[in-house]
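Given the structure of chain A, go ahead and fit chain B onto it with the hints provided.
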Amino acid sequence: MNSTNRVLNRGFIFLVGLLILATGTVLALVALVPVVRERWAAATKAVIDTVTRWLKATPLPEFAGPLMGSWLWLLAIAAGALLIAALVVFSVRQGHGHTNRLASVSGNGNANTGAVIVEAKVAEHAIQDALANRPELVAAHVSTYLVKRQSALKVAITCRRGISPREASRIVNEVLVAFDELLGLQLPALVQISGGFRARTTTVARLR
Amino acid sequence: MTTYRSTYQRISRRELHSPRSVAAITLAILAIVVLGWLIIEIVSNLLGRPGLLATPAGMVGAVAGISSAPAVLIAGLGAAGVLLGLLLLVVAVTPGRRSRHLLQSERAATIVDDEVIASALAREAARVAGLAPDNARVTVTRGRALVHLTPTSGTAIDQQAVLTAVRNQIDTFGLLRDLRAEITVAPNGRVGA
Numbered sequence: 001m002n003s004t005n006r007v008l009n010r011g012f013i014f015l016v017g018l019l020i021l022a023t024g025t026v027l028a029l030v031a032l033v034p035v036v037r038e039r040w041a042a043a044t045k046a047v048i049d050t051v052t053r054w055l056k057a058t059p060l061p062e063f064a065g066p067l068m069g070s071w072l073w074l075l076a077i078a079a080g081a082l083l084i085a086a087l088v089v090f091s092v093r094q095g096h097g098h099t100n101r102l103a104s105v106s107g108n109g110n111a112n113t114g115a116v117i118v119e120a121k122v123a124e125h126a127i128q129d130a131l132a133n134r135p136e137l138v139a140a141h142v143s144t145y146l147v148k149r150q151s152a153l154k155v156a157i158t159c160r161r162g163i164s165p166r167e168a169s170r171i172v173n174e175v176l177v178a179f180d181e182l183l184g185l186q187l188p189a190l191v192q193i194s195g196g197f198r199a200r201t202t203t204v205a206r207l208r
Numbered sequence: 209m210t211t212y213r214s215t216y217q218r219i220s221r222r223e224l225h226s227p228r229s230v231a232a233i234t235l236a237i238l239a240i241v242v243l244g245w246l247i248i249e250i251v252s253n254l255l256g257r258p259g260l261l262a263t264p265a266g267m268v269g270a271v272a273g274i275s276s277a278p279a280v281l282i283a284g285l286g287a288a289g290v291l292l293g294l295l296l297l298v299v300a301v302t303p304g305r306r307s308r309h310l311l312q313s314e315r316a317a318t319i320v321d322d323e324v325i326a327s328a329l330a331r332e333a334a335r336v337a338g339l340a341p342d343n344a345r346v347t348v349t350r351g352r353a354l355v356h357l358t359p360t361s362g363t364a365i366d367q368q369a370v371l372t373a374v375r376n377q378i379d380t381f382g383l384l385r386d387l388r389a390e391i392t393v394a395p396n397g398r399v400g401a
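Chains A and B, in that order, are what the protein sequence lines are.
Residue numbers for the first sequence follow the numbering used here, beginning at 1 and rising by one.
Residue numbers for the second sequence follow the numbering used here, beginning at 209 and rising by one.
Next comes chain A alone, as it looks inside the complex:
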């Protein structure tokens, strides 16, 4: 339910994969095909000569202090720093999308009626408390996300071993419907039913 850009994730992985695949192919060709191996030496020599000429033609000015060499290196450093910044932003942007606003009702254009804002904590506490004392569930956690510019509830529950998912779904739906009535409007909701480690370690009572 978070706002992770999945297309970007896949695009990035695809691009890196393509790059590594191409490098690997070139290495294998150089190692295994004699013609390519001979060409490789000549081609790299030509490239190195060209780049060396460029670097010699672009010396740093005198006042650059202790730096010696071509200012093309500075361009390379700047490009590298930009790329690092982009990658950091890309990594940090993952997994967001929480909101703390559940709903807001404006005064219908009437200046005398104020706006009402309902915080997400209202739903989270109400639903979590209602589910807390159900014996079928080990744990319940409610969070609020913004999906398509609309607040949506996520109810994640952990069931005890052997509980029918239909039964678990019914319990949560009852609570959700009761909360809809309390709030006066129906928000989209996701119920996630999982087993989890704690459900596996709670032993079943065995009668013989």
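Please keep in mind that the hints were generated in silico from the structure rather than gathered at the bench.
Nothing here was measured: the structure is a model prediction, and the numbers come from that model.
Note that the Cβ used here is the ideal one computed from N, Cα and C, for glycine as well.
Treat the hints with care, since some could be wrong.
[Said to hold, decoys possible] Some but not every residue of chain B turned toward chain A, in silico, with C-beta under 8 Å:
| # | residue |
| --- | --- |
| 1 | 215 |
| 2 | 223 |
| 3 | 224 |
| 4 | 255 |
| 5 | 259 |
| 6 | 268 |
| 7 | 274 |
| 8 | 279 |
| 9 | 297 |
| 10 | 316 |
| 11 | 318 |
| 12 | 320 |
Just chain B, lined up with the frame of chain A:
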């Protein structure tokens, strides 16, 4: 459910598939480390100091010199690169289904872990077969539920009854994608099971 149809579709689709965040972030961190190292090497070269591992000229020389390096080594590196690249392409392109199922529901989009379905089916199968819960093992995949029973030594299991019970249980779940139940009984029983 009907008012927010596209919202529900988006939520369900995203919950059923992997975001590929782990792979993407791992690659990003590796790329950041490599870029940082290259920048450090360039800066120390500009300052006229020795680099950490290699100077830029040394690196270029190494790349140019691979044609004279041992062919086995280079071919091995190349093969490793090809494999890794293909693996990443597969990760990028495949749907990456999570082991979860959608449940029909009036009020909310409902997602169930396959583990929960398996655990409920195992309990039902064990009850009908008259076994301890630990002797019924269920594996749930995208379209199938495989029930594996270990009988008590010297007793027979009414497979048809178990199959019917498991099928009925699956029907009560109301999964959006139906599961086909299959039963296997271990050839060797267990004493005291």
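Here is what the structure says about each hint:
With its C-beta approaching chain A no nearer than about 5 Å, residue 215 (chain B) sits inside the 8 Å limit, and its interface hint holds. Given hint, residue 223 (chain B) at the interface with chain A, holds; its Cβ is 7 Å from that chain's nearest Cβ, closer than 8 Å. Checking residue 224 (chain B) against chain A: minimum C-beta separation of about 11 Å lies over 8 Å; hint violated. For residue 255 (chain B), the suggested interface contact is upheld, since its CB lies about 6 Å from the closest CB of chain A, less than 8 Å.
With a cut of 8 Å, the hint placing residue 259 (chain B) at the interface with chain A is violated, because the nearest CB-to-CB distance is about 13 Å. For residue 268 (chain B), the interface hint holds, since its Cβ comes within 8 Å of a Cβ in chain A; the closest pair sits about 6 Å apart. About 6 Å separates the beta-carbon of residue 274 (chain B) from the nearest beta-carbon of chain A, less than 8 Å, and the hint is met. Annotation: residue 279 (chain B) was flagged as interfacial toward chain A, and the flag holds, the nearest CB pair being 5 Å apart, inside 8 Å.
Contact between residue 297 (chain B) and chain A, as hinted, is supported at the beta carbon level, the nearest pair being about 4 Å apart and thus within 8 Å. Residue-level restraint check for residue 316 (chain B) holds (minimum Cβ-Cβ distance to chain A is 4 Å; threshold 8 Å). For the restraint placing residue 318 (chain B) at the interface with chain A, the shortest Cβ-Cβ distance is roughly 4 Å, inside the 8 Å limit, so the hint holds. Taking 8 Å as the C-beta contact cut-off toward chain A, the hint placing residue 320 (chain B) at the interface holds, the least distance being around 4 Å.
Consistency with the previously given hints fails for numbers 3, 5, ordered from lowest to highest.
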